[in-house]
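Line by line, the protein sequences give chains A, P, E, C, R and Y.
Position 44 (the first sequence) corresponds to 43 in numbering that gives the first Met the number 0; numbering is contiguous.
Position 26 (the second sequence) corresponds to 25 in numbering that gives the first Met the number 0; numbering is contiguous.
Position 66 (the third sequence) corresponds to 65 in numbering that gives the first Met the number 0; numbering is contiguous.
Position 48 (the fourth sequence) corresponds to 47 in numbering that gives the first Met the number 0; numbering is contiguous.
Position 54 (the fifth sequence) corresponds to 53 in numbering that gives the first Met the number 0; numbering is contiguous.
Position 15 (the sixth sequence) corresponds to 14 in numbering that gives the first Met the number 0; numbering is contiguous.
Hints are supplied without guarantee of correctness; some may be wrong.
As the list makes no split between identical chains, a pair holds if one copy fits it or if it spans any two.
Heads up, simulated DSBU-like pairs for lysine-lysine below, C-alpha to C-alpha not over 35 Å straight-line [as the list claims (entries may be wrong)]:
1. Lys16 with Lys136
2. Lys34 with Lys16
3. Lys53 with Lys34
4. Lys34 with Lys60
5. Lys34 with Lys136
6. Lys60 with Lys100
7. Lys16 with Lys60
8. Lys136 with Lys53
Calculated directly from the structure, the hints in this document are not laboratory data.
Protein chains: 6
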Amino acid sequence: MVNYTDRMSTLGLIEYKDASPEVRAVYDDIRATRKTDFINNFWKAIAHDPATLKRTWESIKQIMAPGALDPLTKEMIYIAVSVTNQCGYCIASHTVSAQNKGMTDAMFKEMMAVVGMANETNKLVTGYQVEIDEQFKPSR
Amino acid sequence: MVNYTDRMSTLGLIEYKDASPEVRAVYDDIRATRKTDFINNFWKAIAHDPATLKRTWESIKQIMAPGALDPLTKEMIYIAVSVTNQCGYCIASHTVSAQNKGMTDAMFKEMMAVVGMANETNKLVTGYQVEIDEQFKPSR
Amino acid sequence: MVNYTDRMSTLGLIEYKDASPEVRAVYDDIRATRKTDFINNFWKAIAHDPATLKRTWESIKQIMAPGALDPLTKEMIYIAVSVTNQCGYCIASHTVSAQNKGMTDAMFKEMMAVVGMANETNKLVTGYQVEIDEQFKPSR
Amino acid sequence: MVNYTDRMSTLGLIEYKDASPEVRAVYDDIRATRKTDFINNFWKAIAHDPATLKRTWESIKQIMAPGALDPLTKEMIYIAVSVTNQCGYCIASHTVSAQNKGMTDAMFKEMMAVVGMANETNKLVTGYQVEIDEQFKPSR
Amino acid sequence: MVNYTDRMSTLGLIEYKDASPEVRAVYDDIRATRKTDFINNFWKAIAHDPATLKRTWESIKQIMAPGALDPLTKEMIYIAVSVTNQCGYCIASHTVSAQNKGMTDAMFKEMMAVVGMANETNKLVTGYQVEIDEQFKPSR
Amino acid sequence: MVNYTDRMSTLGLIEYKDASPEVRAVYDDIRATRKTDFINNFWKAIAHDPATLKRTWESIKQIMAPGALDPLTKEMIYIAVSVTNQCGYCIASHTVSAQNKGMTDAMFKEMMAVVGMANETNKLVTGYQVEIDEQFKPSR
Numbered sequence: 000m001v002n003y004t005d006r007m008s009t010l011g012l013i014e015y016k017d018a019s020p021e022v023r024a025v026y027d028d029i030r031a032t033r034k035t036d037f038i039n040n041f042w043k044a045i046a047h048d049p050a051t052l053k054r055t056w057e058s059i060k061q062i063m064a065p066g067a068l069d070p071l072t073k074e075m076i077y078i079a080v081s082v083t084n085q086c087g088y089c090i091a092s093h094t095v096s097a098q099n100k101g102m103t104d105a106m107f108k109e110m111m112a113v114v115g116m117a118n119e120t121n122k123l124v125t126g127y128q129v130e131i132d133e134q135f136k137p138s139r
Numbered sequence: 000m001v002n003y004t005d006r007m008s009t010l011g012l013i014e015y016k017d018a019s020p021e022v023r024a025v026y027d028d029i030r031a032t033r034k035t036d037f038i039n040n041f042w043k044a045i046a047h048d049p050a051t052l053k054r055t056w057e058s059i060k061q062i063m064a065p066g067a068l069d070p071l072t073k074e075m076i077y078i079a080v081s082v083t084n085q086c087g088y089c090i091a092s093h094t095v096s097a098q099n100k101g102m103t104d105a106m107f108k109e110m111m112a113v114v115g116m117a118n119e120t121n122k123l124v125t126g127y128q129v130e131i132d133e134q135f136k137p138s139r
Numbered sequence: 000m001v002n003y004t005d006r007m008s009t010l011g012l013i014e015y016k017d018a019s020p021e022v023r024a025v026y027d028d029i030r031a032t033r034k035t036d037f038i039n040n041f042w043k044a045i046a047h048d049p050a051t052l053k054r055t056w057e058s059i060k061q062i063m064a065p066g067a068l069d070p071l072t073k074e075m076i077y078i079a080v081s082v083t084n085q086c087g088y089c090i091a092s093h094t095v096s097a098q099n100k101g102m103t104d105a106m107f108k109e110m111m112a113v114v115g116m117a118n119e120t121n122k123l124v125t126g127y128q129v130e131i132d133e134q135f136k137p138s139r
Numbered sequence: 000m001v002n003y004t005d006r007m008s009t010l011g012l013i014e015y016k017d018a019s020p021e022v023r024a025v026y027d028d029i030r031a032t033r034k035t036d037f038i039n040n041f042w043k044a045i046a047h048d049p050a051t052l053k054r055t056w057e058s059i060k061q062i063m064a065p066g067a068l069d070p071l072t073k074e075m076i077y078i079a080v081s082v083t084n085q086c087g088y089c090i091a092s093h094t095v096s097a098q099n100k101g102m103t104d105a106m107f108k109e110m111m112a113v114v115g116m117a118n119e120t121n122k123l124v125t126g127y128q129v130e131i132d133e134q135f136k137p138s139r
Numbered sequence: 000m001v002n003y004t005d006r007m008s009t010l011g012l013i014e015y016k017d018a019s020p021e022v023r024a025v026y027d028d029i030r031a032t033r034k035t036d037f038i039n040n041f042w043k044a045i046a047h048d049p050a051t052l053k054r055t056w057e058s059i060k061q062i063m064a065p066g067a068l069d070p071l072t073k074e075m076i077y078i079a080v081s082v083t084n085q086c087g088y089c090i091a092s093h094t095v096s097a098q099n100k101g102m103t104d105a106m107f108k109e110m111m112a113v114v115g116m117a118n119e120t121n122k123l124v125t126g127y128q129v130e131i132d133e134q135f136k137p138s139r
Numbered sequence: 000m001v002n003y004t005d006r007m008s009t010l011g012l013i014e015y016k017d018a019s020p021e022v023r024a025v026y027d028d029i030r031a032t033r034k035t036d037f038i039n040n041f042w043k044a045i046a047h048d049p050a051t052l053k054r055t056w057e058s059i060k061q062i063m064a065p066g067a068l069d070p071l072t073k074e075m076i077y078i079a080v081s082v083t084n085q086c087g088y089c090i091a092s093h094t095v096s097a098q099n100k101g102m103t104d105a106m107f108k109e110m111m112a113v114v115g116m117a118n119e120t121n122k123l124v125t126g127y128q129v130e131i132d133e134q135f136k137p138s139r
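So here's chain A without its partners, still in its complex pose (with noise of 0.2 Å):
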């Protein structure tokens, strides 16, 4: 029988009982470094493909962590590439992210009216033809 969580992606989502050891040991990192039972779709849909599963997570676990730039501020830059790129699934899991690790109202209402911004502004350069200031070039 088909079930109907298994239907919600071209291969299917591949749930923790049914998963290998290769995926579980991934879900089990995923659990411990975000301290939570819940794996979300994205990682049941891609643990299809365990290197893929095993290289984006450990990629994603390396790249959001605190750092020169801290966690909420790595999140507010991920949702902007998503709404840029006008993906629903990647707004709304980190939205919920990134309200998670701080995020008021405040902050995501400044936040999108920078992406709407920059948006509009990308546009009036390109459709005007703007060549680059001399002194925007890279000098190094």
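Starting from the known structure of chain A, fit chains P, E, C, R and Y onto it as the hints suggest.
Chains P, E, C, R and Y alone, transformed into the frame defined by chain A:
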């Protein structure tokens, strides 16, 4: 005689000395707000449409001001959008702006790593046709 | 109790009866300008950020007004952008707006044929790495 | 010997004198239709694939002809798409085409204001995760 | 009475029984070429514009036919574009088409890994403002 | 003294002789894997972030290796994405890579025809607001 700097945009660039009082007022405010005499090509190009010049400058001034997010975080969000849109002018100009506001090389590199990863996972999610988890749907 | 219509956006939708005087003033102007009581979800969603609501409405009101281009031509340009960006909401809402302003099915079909062809040739040009002809470079 | 103009595209540019009869027939039709001897680089680049050259030219000739929309409106829609796609060649060439068909600076400026605003609101709608109003859903 | 299937597109869907002889001729050719009675919604939607229907079908038939590349490779390129454009319908339909032409799950997963990585490096290149190496410039 | 080649990227380009052991190890592996001494600008630019350099190279090496798809097919998918994203550097570099792996002009032309057509139909589908056929929805 056509001036060289007049050639670098669809309608040309309007220098301060050639500007109408309406355009000069915006240029003056840009200079005062940014504490520099430098007016970059973008403004000189859209100055052919004074209404767009005024509206765009006032919007940017309002949006990029300190608030729940600091101006540097806003600049990095601006870059993230511009990179995703492949807007060369915008990347060049806002990278310099961000550096002027304190973006270190370490911050730039982490920001770019997030932008790259977000663009990758945006497409993995979409290509695998992953449905949004109930937990991520707006609850308000 | 959470209202159903409050659930269809990240921060929810603000109905007229729940709106602050600042937001109501914008809603009133939308209604008066458009000669209808209907306020669509976009405005109710961004009303959580009254500055963005006011700025966006006033910009749109200014930009979409009759000028060198008539309002219907502007609506079709709006649709062309929205289709290229794959923005479902924007396509749905501006298609209805355009129809209300007189867009016939014949006009819609010709507009879409241009949008499709432009998207195709944009990529052929780019993929074949075609240099810009001297004749096409801005001469002002 | 490699000709300079042969270098400005992935496969080079095919000049009229070097073209096959099949390609010349398309070039001749472009010249006759546009009432000019000038063949721009795009056609010379894709001429390496005569089937694509013929198909693309015939499609464009059909689509850009006067109909329910006039040719200038169609050119402006073409520009709106090209700006949204950040296609430099396309913006440069279709801006000149539109000017040749009567686009005034005032029309260009209004068109660009719409393109900028549409790109901004496309992202505000998406980032706020706004659901489509029932009134906007196709009723046919 | 409005038929349910007529509601799922801006102008509705044209079923075979309601189609003009011109549209039926295209539907017949789609059925004959694909060896199936099934006509998917895309064709039924654009059938409102018989010229676009005919031109699009004949172009696709010509382009997707076996040649220097086999039909399955072409389908995967189609998916790669559709994923990059975030076009849900196109991803769904061409994934099924590719599977019908022999795309295995292993092939799908490798294709998606390339699409994800290409989208990431496209943005890293752009964000770091990397100049094109002389070796990569077209030499013909 | 600033070296010319150091100027062609936001943070400059790191040449082998100036590279840290960590960066050299990646450069060495690129050279060994590709059987050439040539390191292109992309790697020299992101070498300022050794973690990103290493992660990106190892991911690409894994993803672009022969598997269910051959390396040439993967390169063409890479180009298709890069063209759709309008990434000039990526198109130039991967076109050369594909040619080195055996892409003939005939293959390039057919690949580009598919990319162009896919971009066109992606937008026709979206603009006509076509709903996904039941037959195309993931059944697993």
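At most 35 Å between alpha carbons: which applies to Lys16 and Lys60, within, between, both or neither? This pair counts as both: shortest intra-copy Cα distance 23 Å, inter-copy 32 Å.
First find the shortest C-alpha distance between Lys34 and Lys60 inside one copy, then the shortest across copies, and answer within, between, both or neither for a cut-off of 35 Å. both (13 Å within a copy, 32 Å between copies)
With identical chains, the pair Lys136 and Lys53 could be close in the same copy or across copies; at 35 Å between alpha carbons, which is it: within, between, both, or neither? Cα proximity of Lys136 and Lys53: across copies only (26 Å, versus 38 Å in one copy).
Should Lys16 paired with Lys136 be assigned to within, between, both, or neither, using CA atoms and 35 Å as the limit? Between copies only: 25 Å across chains, 54 Å inside a chain, cut-off 35 Å.
One pair to classify: Lys53 and Lys34, alpha carbons no more than 35 Å apart. Within, between, both, or neither? both (18 Å within a copy, 28 Å between copies)
Up to 35 Å between alpha-carbons, please classify Lys34 paired with Lys16: within, between, both or neither. Within. Shortest intra-copy distance 19 Å satisfies the 35 Å Cα cut-off; inter-copy 41 Å does not.
Pop the pair Lys60 and Lys100 into one bin, within, between, both or neither, using alpha-carbon distances up to 35 Å. For Lys60 and Lys100, both the intra-copy (15 Å) and inter-copy (28 Å) Cα distances are at most 35 Å.
When no copy is specified for Lys34 and Lys136, does a C-alpha distance of 35 Å or less occur within a copy, between copies, both, or neither? between (44 Å within a copy, 21 Å between copies)
Checked against the numbered hints given earlier, the structure satisfies every one of them.
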